[in-house]
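*Asks:* Protein chains in written order, with our numbering: chain R, 1 to 412; chain G, 413 to 590.
If you're looking for bench data, these hints aren't it; they were derived computationally from the structure.
The structure displayed is predicted, hence computed values, not measured ones.
Ideal Cβ positions, reconstructed from N, Cα and C, are used throughout, including at glycine.
Some clues are possibly wrong.
Far from chain R, by Cβ distances over 10 angstroms, these chain G residues were calculated [as the list claims (entries may be wrong)]:
id : residue
1  : Phe419
2  : Asn430
3  : Trp505
4  : Ile514
5  : Val525
6  : Asp526
Only pairs whose alpha carbons sit at most 20 angstroms apart, straight line, appear in this in silico PhoX-like list of lysine-lysine [what the hints assert, rightly or not]:
id : chain 1 : residue 1 : chain 2 : residue 2
7  : R       : Lys364    : R       : Lys7
8  : R       : Lys144    : R       : Lys364
9  : R       : Lys314    : G       : Lys524
10 : G       : Lys494    : R       : Lys220
11 : R       : Lys7      : R       : Lys146
12 : R       : Lys8      : R       : Lys364
13 : G       : Lys494    : G       : Lys422
14 : R       : Lys220    : G       : Lys489
15 : R       : Lys144    : R       : Lys53
Just some of the chain G residues that point at chain R, by a computed CB distance under 7 angstroms [stated by the list, open to error]:
id : residue
16 : Ala468
17 : Gln481
18 : Asp486
19 : Pro490
20 : Ala497
21 : Ser536
22 : Leu581
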Amino acid sequence: MLPSGMKKFVDTERGLLDRAIFSSQELYELELERIFGRCWLYLGHESQIPRPKDFFTSYMGEDPIIVWRGEDGTVRAFLNVCRHRGNLLSRVDGGNTDAFMCTYHGWTYASDGSLISVPLRKEGWAGGFDLADWGLAEVPRLYKYKGLIFGSMAQDAPPFLDYLSRQAAEVDALVDRTAGGTEVIGGVHKWVMPMNWKFPADNFGGDDGHHPTAHASLRKVRFDGRARYRMDFGPPPENEEVLADFPEGPIRDYHIEHLPEARARLGKECAERGTVITTVFPNFSVSTLRNMIRVWHPRGPDKTEVWSYCVVDKDAPPEVKEAMRLNNVRMFGPAGVVEQDDANNWLGCTRTARGWAARQIPMKIQGRAEAGEEKAGPLSRERLRVFYDRWATLMDAESWAGVNWKELPVPF
Amino acid sequence: MAFLSEFGSKSALWYEINAFLTYEARLLDERRFEEWLELFTDDARYWIPVRGSGGAGPAGTAGADRAKQLSIMDDDKPMLEKRVARIRSGVAWAEEPPSVTIHMIANVDIGKVDEEQREVEVRSAIFVYRSQLETEREFIVGRRRDLVVQRAEGWRIRRREVELADSVLEMKNLSIFL
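Okay, chain R solo, but in the shape it has when bound:
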C-alpha cells in the first residue's frame, strides 16, 4: 500500500532504503513541508510555563516558535516571527512577559497573538492598515498530553490521540505513573550533531540491536548498578525481578514503592515495562530509564540540533529527583557516557550518504517480505520499517487528506 513516488527511495517489502533520503537537499526541503509541516511535534512541557504570561521558545522543524500562556491561562503557540519584516521576536529561552516588542520597528503583540501597537503608524503607513489583520501567526493545532505540549502546523492533522495510537502506553510509562504528573527539571541540553535527523530518530525508535556493539563500553565499565543489564527493550521476561532494568538505589526503590499506583493507572504490563525507548514519529523520543525526553530538530540534511530534557514525577522526593537528574546527565546528553558513542556512527552513516557510488547501492533494514508472518522479537528492527513506511507515506501525499493514518502500522 505504499504510494508510488517514494517507492523508489523506500522499499519496505525488501527492506531497502535509498541513501538519498539522508543527503538530498531537495528531499530535505520536502520533509520540512510534508513531515515537519504536517505531523504532531513536541514543543515543550507545561511545567515550563506554570504561570500566566510565562513563555518559552522552541522549534517546529526549522521554524522558531513561542509557546505562551496567556493571562487567561490558555496556552498558545505562535511563529516567533514579527509579521512586519520577519525579525525574531524573542531571542531568549523563556521568561514571563505581558507582550513581545520587536526590536526592529517596535511592533508589539499580546499573549493572544494580537498586534496591539505599531509605533509611527500615522507617520509611517499611508492609507488603511488594520492592526487586526497582522497578529502573530498561530500554530493551528495544539494538544496537551499529560504535561507534554504538542503542536501541528496542519489544520487537518488527525486528532492527537489517533496519531499517538498505541504508543500512548510507551509515553505513559514515563509521564503518567502518578496522579501528580511530571515536571521538567534543570533546563535543556542543546547541541548540534553533524548527521541527518532520521538516524537518531529511528535509533531511539527501535534499534535495540546496536547496544552490544555501539555501547560495548558499558559492559566493560558498569556505571549504574542494575539487577539485570539487558540489551533489548522488549517486555521483560516472566520470572524476572520487577523493574530490574532501573538503577539500584533511590530510582528503583522509588519506582517499586509507587508500582501499585502505576499499575492502577497504566495496567500491569505498561507499569512493569521497565525500559522503554521509543520515538513518536517523526522526532520526539522518550526513555523511561533515564527520565529523558528529547527532540531531534532538523537543521539540513546533514545536521541535527538535539534538545534533551529531564522529566521527573512532580511529587517525587528531592533525593529521588537528584538521582534521576544525575542518571540522565551522566548517561546521556553531550557528555553522556552512553550517548557519546552514538555520534561517530550516525556521523559516518550521514557522511557516506553523500558519495555518488554509495548512493547506487541501498541501505538495509528488515523487510516485510523476509519477516513474513513471524512476529517481531525484542531485537527486531521491524520498528525501523514502520518508521520509514510512515515517512514515505507522508512524503508522497499532497495533504493529510491523502493519508489513511489509521491504516498505517503502529511501531509495536
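Knowing the structure of chain R, use the given hints to seat chain G on it.
*Replies:* Below, chain G without anything else, positioned relative to chain R:
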C-alpha cells in the same frame, strides 16, 4: 608559617598555580588520564552547567543552583574514574580514534585564599581546540572557577567548574575533559 606568607609574594603564588594548571593541561593533552585523576581530591566535584541563551529562561531552568541544574557534566571522583576507565576500554567509540586536544589556559586570577585550609580560589579562561577524525574540529571556550588546595604531595583540585560560553553547543559530543 602562615600559608600565604610561605610564598613570599602573591606573584609567587600566582606563578605556582599557573604552572600547576599548565601541567594539568599537558596531562590532558598527552592523554595521561590516570595521572590527571590523581590531581583531584577524593571529595572533588567536577561541574559543567548548562547555559541558557539569556533571559530568565522558562520555569524549571535553574541557573546557579547546582542541585536543580541539568548540567552537561556533574561528576564526583568515582564518576571521573569510570569515564577514564571507559576511554581505556578500547571500545569507547567516541574516542576511537582519540581526539587531539590543545588545552590553553589563560587569564589566571587568584581569588580568595583560605590560610587554614590552604585552599585558593582560582579563576581562569579555558580555550580547548579539539580535532578528531578528518574534519571534526571545534573550539570549546569557557571560564573556569577552581578551588585548589596545597597538600604535601602538591597542588590538588577540590572543585572544578567550567562555565561554557555557548548555550547551544556546536559539537557532536563532549568526550574530552575540560
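*Asks:* Let's test the interface hint: is any C-beta of chain R closer than 7 angstroms to that of G:Ala497?
*Replies:* 5 angstroms, holds
*Asks:* Per the CB criterion, is G:Asp486 less than 7 angstroms away from chain R?
*Replies:* Since the shortest Cβ distance to chain R is 6 angstroms, the answer is holds.
*Asks:* Can we confirm that no CB of chain R comes within 10 angstroms of the CB of G:Phe419?
*Replies:* About 36 angstroms separates G:Phe419 from the closest Cβ of chain R, which puts it past 10 angstroms; holds.
*Asks:* Please verify whether G:Lys494 and G:Lys422 have alpha carbons no more than 20 angstroms apart.
*Replies:* 37 angstroms, violated
*Asks:* Could you grab the alpha-carbon distance between G:Lys494 and R:Lys220 and see if it respects the 20 angstroms cut-off?
*Replies:* 10 angstroms, holds
*Asks:* Would the hint on G:Leu581 stand, with a C-beta cut-off of 7 angstroms toward chain R?
*Replies:* This interface hint holds because 4 angstroms falls under the 7 angstroms limit.
*Asks:* According to the definition I'm using, a residue is off the interface if its beta carbon is farther than 10 angstroms from all beta carbons of the partner; does G:Asp526 meet that for chain R?
*Replies:* 28 angstroms, holds
*Asks:* Would the hint on G:Gln481 stand, with a C-beta cut-off of 7 angstroms toward chain R?
*Replies:* At 5 angstroms from the nearest chain R Cβ, G:Gln481 passes the 7 angstroms test, so the hint holds.
*Asks:* Please settle this one: G:Trp505 was flagged as non-interface, so is its CB more than 10 angstroms from every CB on chain R?
*Replies:* G:Trp505 not clear of chain R: closest Cβ-Cβ about 4 angstroms, inside 10 angstroms.
*Asks:* Holds or violated: R:Lys8 with R:Lys364, Cα cutoff 20 angstroms?
*Replies:* The given pair, whose Cα atoms are some 14 angstroms apart, holds under the 20 angstroms limit.
*Asks:* Given the hinted pair R:Lys144 and R:Lys364, is their alpha-carbon gap at most 20 angstroms?
*Replies:* Not OK: R:Lys144 and R:Lys364 at ~37 angstroms, beyond 20 angstroms, violated.
*Asks:* R:Lys364 and R:Lys7: Cα distance at most 20 angstroms?
*Replies:* 15 angstroms, holds
Violated hints for the displayed structure, listed by number in ascending order: 3, 8, 9, 11, 13, 19, 21.
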